[in-house]
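Engineer: Going down the list, the sequences are from chains R and V.
Residues 1 to 258 (my numbering) make up the first sequence, in order.
Residues 1001 to 1094 (my numbering) make up the second sequence, in order.
Take the hints with a grain of salt, since some may be wrong.
30 Å max Cα-Cα, derived DSS-like pairs, lysine-lysine [to be verified]:
{"hint": "1", "chain 1": "V", "residue 1": "1023", "chain 2": "R", "residue 2": "175"}
{"hint": "2", "chain 1": "R", "residue 1": "241", "chain 2": "R", "residue 2": "197"}
{"hint": "3", "chain 1": "R", "residue 1": "197", "chain 2": "R", "residue 2": "247"}
{"hint": "4", "chain 1": "R", "residue 1": "197", "chain 2": "R", "residue 2": "216"}
{"hint": "5", "chain 1": "R", "residue 1": "175", "chain 2": "R", "residue 2": "148"}
{"hint": "6", "chain 1": "R", "residue 1": "247", "chain 2": "R", "residue 2": "216"}
{"hint": "7", "chain 1": "R", "residue 1": "148", "chain 2": "R", "residue 2": "197"}
{"hint": "8", "chain 1": "R", "residue 1": "148", "chain 2": "V", "residue 2": "1023"}
{"hint": "9", "chain 1": "V", "residue 1": "1006", "chain 2": "R", "residue 2": "197"}
Derived by calculation from the structure, the hints in this document are not laboratory data.
Remember, predicted model here, so these are calculated numbers, not experimental data.
Letter by letter, the chains look like this.
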Amino acid sequence: MSRTGWNDYNWQLVHALPQPPALHMALDEVLTDEVAARRRPPTLRVWEWSASCVVIGRFQSLRNEVDAEGAQRHGIEVVRRISGGGAMFIEPGNTITYSLYAPESLVAGMSFQESYEFMDAWVIDALQGLGIHAWYQPLNDITSPGGKIAGAAQTRRGGAVLHHVTMAYDIDSTKMLEVLRIGREKLSDKATQSAAKRVDPLRSQTGLARADVIDKMVTTFRTRHGLAAGRLSADELDRAKALAASKFSTAAWTGIVP
Amino acid sequence: MHGEYKMPGGKLVVADLDVRNGKLTRVRISGDFFLEPDSALTMIDIALEGLPANADSTQHAAVLRAALGPNVLMYGVSPEAIAVAVQRALEPTS
């Protein structure tokens, strides 16, 4: 497979109104497949959430990661995504999440580590434009002097690569620790973090509203690689809704690693 | 039985398993690592099922490496790291 470049494509932006967690999981699967089939151009999708949730990685144990009682008490849905990586705690407006869908040739011949760094480069550029000294931290993080900003995850399907990233804008870590189990252990040996009530590296380091940070990111991508306004097709949305119901809302999928 | 191992330079690997008649059973490997294809996780659990619990982690890793073959891609995890998580599940007090 010969390598292609960012600017070999007509990138499309999809930024829809808030959607439920299971639909986001399904859209990642459908849009990756659409790009693999060349029915859709490579796409940057910015997510808006209609509900709070925990998103666990494809290979994580549901029981080990999520405090089911805590999640229920806070009315937080649990969904599993198609990529590996760690659990994320989402409340609408507290994170910035986006996906990139591209032909696998964009990262042909790269190691996993190189492909994460390559796919993250534009957003690190955007963060630096916002005054944050951000950098790629192997294996799959973006970090800053003020702490970790984001985690990325990739998966490859049928000749396309999905690279999605969740950035902490302003997270209520007290609530997060009542819902995620691993977070509690990870934080237990980091005294500085365990005292923090908010994990807000983007908000505190930019002083900007979440929407303004997203605008800056989109502008940076457009300047570097080109980006046309786009939308989900009716067919894509219908298929994603069907998949959200038949797969991503089911206990069989969410509990596939119990 | 439950064991966890953070692979140096990698991700967290978790092993949940039982031992019956000296053999590993009900093996569940999990973690925040990356595998391609995703069906490799089931291959890992199946490869470990029934292995002697008193084998050392080098032997468990060798079985895993052989079972997965060259087409499974791993990021942040390795047969050796999985074998260490299994060993920790088997020796919870050490």
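Engineer: All hints, please: hold or fail.
Structural biologist: Right, here's what the structure says about each hint:
1. Restraint check: the Cα-Cα separation between residue 1023 of chain V and residue 175 of chain R comes to about 41 Å, which exceeds 30 Å; the hinted pair is violated.
2. Between the alpha carbons of residue 241 of chain R and residue 197 of chain R the distance comes to roughly 36 Å, so the proposed pair goes past 30 Å and is violated.
3. The hinted pair formed by residue 197 of chain R and residue 247 of chain R fails the criterion: a straight-line CA distance of about 35 Å is larger than 30 Å.
4. With a CA separation close to 27 Å, the supplied pair residue 197 of chain R and residue 216 of chain R stays within the 30 Å bound.
5. Restraint check for residue 175 of chain R and residue 148 of chain R: satisfied, since their Cα atoms lie roughly 18 Å apart, inside the 30 Å limit.
6. Taking the CA atoms of residue 247 of chain R and residue 216 of chain R, the gap is about 34 Å. The hint is violated against a cut of 30 Å.
7. Of the supplied pair hints, the one linking residue 148 of chain R and residue 197 of chain R holds, its CA atoms being roughly 15 Å apart against a limit of 30 Å.
8. Under the criterion of a C-alpha separation no larger than 30 Å, the hint pairing residue 148 of chain R with residue 1023 of chain V is inconsistent with the structure, at around 41 Å.
9. Pair hint residue 1006 of chain V plus residue 197 of chain R holds up; C-alpha atoms about 26 Å apart against a cutoff of 30 Å.
Violated hints, in rising order: 1, 2, 3, 6 and 8; the structure is consistent with all others.
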